[in-house]
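Protein chains: 2
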Amino acid sequence: MNGAESLVHTLLKGGVDVCFSNPGTSEMHFVAALDRIPGMKCVLGLQENVVTGMADGYFRMAEKPACTLLHCGPGLANGLANLHNARRARSGIVNIVGDQATYHRPYDAPLTADTEGWARGVSAWVRTSAHATEVGADAAVATQAARTSPGQIATMILPSDTCWDPGGVVAEPLPVPATPQADPHAIRNAARVLREQRNVLVLLGGPALREGAQKLAHRIEAATGCRLLAEGSNARVQRGRGRLPLERVPYPVDQAVAALASVEHIILVNAKAPIGFFGYPGKPSKHYPENAGVHVLTRYEQDAEVALRALVEELGAPDAAIADPGPRPEPARGAPTPEGLARTIAALMPEGCVIADESVSFGRGFYKETFAAPQHDWLHITGGAIGCGFPLATGAAMGAPGRRVIGLQADGSGMYTLQALWTQAREKLPVTTIILSNRKYAILLGEYQGVGANPGRTAMDMLDLGNPDIGWVQLANGMGVEAAQATTLEQVGDLLAQSCARPGPFLIEMVI
Amino acid sequence: MNGAESLVHTLLKGGVDVCFSNPGTSEMHFVAALDRIPGMKCVLGLQENVVTGMADGYFRMAEKPACTLLHCGPGLANGLANLHNARRARSGIVNIVGDQATYHRPYDAPLTADTEGWARGVSAWVRTSAHATEVGADAAVATQAARTSPGQIATMILPSDTCWDPGGVVAEPLPVPATPQADPHAIRNAARVLREQRNVLVLLGGPALREGAQKLAHRIEAATGCRLLAEGSNARVQRGRGRLPLERVPYPVDQAVAALASVEHIILVNAKAPIGFFGYPGKPSKHYPENAGVHVLTRYEQDAEVALRALVEELGAPDAAIADPGPRPEPARGAPTPEGLARTIAALMPEGCVIADESVSFGRGFYKETFAAPQHDWLHITGGAIGCGFPLATGAAMGAPGRRVIGLQADGSGMYTLQALWTQAREKLPVTTIILSNRKYAILLGEYQGVGANPGRTAMDMLDLGNPDIGWVQLANGMGVEAAQATTLEQVGDLLAQSCARPGPFLIEMVI
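So the sequence lines, in the order shown, correspond to chains U and H. With positions in the first sequence counted from 1, the corresponding number in the working numbering is that position plus 856. With positions in the second sequence counted from 1, the corresponding number in the working numbering is that position plus 856.
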């Protein structure tokens, strides 16, 4: 057995059975092993940021890691931005990078690069296998690391001779460490704050945004009068009827500061105290009052639901039903607006769908209009590296079979990783993408005006996407995805409903 | 004056007047400064690997650095692969990366990443400016570093407050170090080897592939009977009538070893002794005989033409005319073949055109058929990181105004950075791209068979691009570029000739 074969067997034993890949010459022995050993579903992405973004989306829905297969340092580099987003989402990924043979690396061949150095910034664990005999054991540790709460990126770098040399040894799965529990002191402290203090905000992030944790948080809210908010960007929020109508911390500094102005204490549940996405002249980095008390109930890796249940018991908080959000919205009509689009989606989305949201500036108003929608999961871009949406939607569809995925995709961000459409077509995935085609970097035009000026010719050369207009229907068709343009919300609604009734992907270019 | 304004003024004083950009929020003050201060041509790329690849192509033709404008660590990460190629091409680039404000970085906001760490693997020089007062001076050093022979990547990381804070100071350009000259001992040693030894190979790379150096190398060849070869991948080769009919070191190991089997001595002129792109089981890393003598005439940073002239004088090599390469080829007919396409291009290319070659496996036979073409420049992918071709062609067109660029673009590689087509349309650049549409990763199918097996279903899932077929005409049209499909070489020839007679970009999908 060669090293590559030991790798495939070890991954499969560890429950890693999906591989998002874009292989190269140095990975051919791994590809050959995947071909010989049944059990791994291989999904090709036509650029590595598609590959890594799919692995992120897969983990968020499947709740287990996939592996990737990338080609040398530059292939890893192409996928770093979505690995960055995955790291911020705390997604588990066994990130496999083929590389130069151990003895060939000193020759500094053209593709030789700082593979380990580039991997470190996104990985909780990095190892370059030294010999074929160690590849199986390394893969078992990588799988363990990727599965360790809350989910981590484990990067395995495989010199090609460690794949083709004989002596591979299949390794048994290593035990995944139990999810750590909150400190009992943290639970008592949170209970004390909730009982004794006023204007307490309980800020929910990560797994605290799943249905079970939400229901417990709601009992605490009902019993103590505290306020609940979600973080600004979240890996996965369970939403719709029966779940909490949670608002998020706003993105713009002034809105965030205003929303948090009255807060005297913050209790963090798998969350971070709110800070700005960027610094701005004369504006604060922290968005909560300087003298607010900050209390940690659970850190990212700790079990939110168990801690919230303990807190409910400590407080003696009785059962509390989540209020009915009112009637399901009707589809909106007329010219596209954020609120209208959100109502249309709420009106037409199938039960149990997944929303992959890279709507950027246009989508800030989507949340409120979708509280009365059927149950669904909502995935955000978590690390701010644009180009997440298409791959995230594609990977989510792989990780949640049978569920429709609706991608809300800003046009400028969509152009980063449009190649994912081809994978949607190849795998016949049930993804409907709505392109929010405003033909500009709208968020940047807002930011530019914040600098205190109207953009001139040179600035518009860098902020405008309208010269030439991007033809999204042609781009989608060129990658094998059916598509149509819509200029009214009625058209969007009709196309959305039709696409949800059919298998496979569809793209709607909504011209704003 | 704020830091950003001092940056723009300093860059312009240093002769850096083209900016390839994809800005974000943290760069808005730089964008505002570019808007206020005339003189910088700003070219938007819709993904950062397009931006950095354009800067590479620009340097190769303009022979002076452009600057880039990238957004935070993930924006840099997206552009690393083509910075890697640019590093291997030894292209000079002032690589500017905006980042979190100095005081905001400790909060670890979502986009915060290891910007410096990622930059190091591709940069000869990296500095994070600490204060607005230092930005001008840092920009002057970065420009000096980028212009230092043979051309280097200098990465300036600009925390956003160093751009918006007052106190900017414009810096005068720093003197660019003179190109170092070869050691006189190296010239005498090379002369001795050429006089006394047999089977001497003079291997030319970098600036040794410009016309002046070629003519001197030819005199040495004529006087001593040595053999001349170009390296396998080269930043820029001057070719066509009046230039040398130079062959390259072949890419496949067996062909390279066979081509070099008789070599007893190698004299390196801005080149590296031939090694494999990858290691392979049972095949050598070095492609030249183990006991061959290796002699350095010039290192990468040294002046090839001056050294070759000194060597000519040391040898007393008389003038020698480069032989006429015979008649210009006629356009080929029938089904596409590599040789036929090369003859068609040789027959129809305009005088002084630029070939941007990311033809990968299909293009290995192009060289021989184009010796009798009009004079032209040929640019290769130098670092093996695919996704170079489209941006390289685009940047070359910016750096060589008035010259037609012909892109020879493999389809799999082209999908990496197809967004560059949009920039070609926006800037109305005279680029004709010929897509070599074989609908597979052909190089990998060859490599896979080298592993000793025919690919099965899983392997084909990762090596085949034909399910669904990529519609290049639709993709190009979607980005504002006119396009047509060709299935015969006559059609390719007609479309190529038409496109060269018109302004602006055109794409030909040549179905193989």
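Source of the hints: derived by calculation from the structure; they are not laboratory data. Predicted, not measured: the structure shown is a model, and the values here were computed from it. Take the hints with a grain of salt, since some may be wrong.
One copy or any two copies: either way a pair holds, since identical chains are not told apart in the list.
[Stated by the list, open to error] When the alpha-carbon atoms are kept at most 27 Å apart in a straight line, the in silico DSS-like pairs for lysine-lysine are as follows:
| id | residue 1 | residue 2 |
| --- | --- | --- |
| 1 | K897 | K1296 |
| 2 | K920 | K1224 |
| 3 | K1139 | K920 |
| 4 | K1224 | K1142 |
| 5 | K1071 | K897 |
| 6 | K1128 | K1139 |
| 7 | K1071 | K1296 |
| 8 | K1128 | K869 |
| 9 | K1128 | K897 |
| 10 | K1284 | K1296 |
| 11 | K1296 | K1224 |
| 12 | K920 | K1071 |
| 13 | K1142 | K1128 |
| 14 | K920 | K897 |
Structure-based check of each hint:
no.: 1; hint: K897 with K1296; in the structure: between (38 Å within a copy, 19 Å between copies)
no.: 2; hint: K920 with K1224; in the structure: neither (30 Å within a copy, 53 Å between copies)
no.: 3; hint: K1139 with K920; in the structure: neither (40 Å within a copy, 40 Å between copies)
no.: 4; hint: K1224 with K1142; in the structure: within (25 Å within a copy, 64 Å between copies)
no.: 5; hint: K1071 with K897; in the structure: neither (36 Å within a copy, 56 Å between copies)
no.: 6; hint: K1128 with K1139; in the structure: within (19 Å within a copy, 53 Å between copies)
no.: 7; hint: K1071 with K1296; in the structure: neither (40 Å within a copy, 51 Å between copies)
no.: 8; hint: K1128 with K869; in the structure: neither (35 Å within a copy, 45 Å between copies)
no.: 9; hint: K1128 with K897; in the structure: neither (36 Å within a copy, 42 Å between copies)
no.: 10; hint: K1284 with K1296; in the structure: between (30 Å within a copy, 19 Å between copies)
no.: 11; hint: K1296 with K1224; in the structure: within (25 Å within a copy, 46 Å between copies)
no.: 12; hint: K920 with K1071; in the structure: within (24 Å within a copy, 62 Å between copies)
no.: 13; hint: K1142 with K1128; in the structure: within (11 Å within a copy, 53 Å between copies)
no.: 14; hint: K920 with K897; in the structure: within (14 Å within a copy, 48 Å between copies)
Violated hints for the displayed structure, listed by number in ascending order: 2, 3, 5, 7, 8 and 9.
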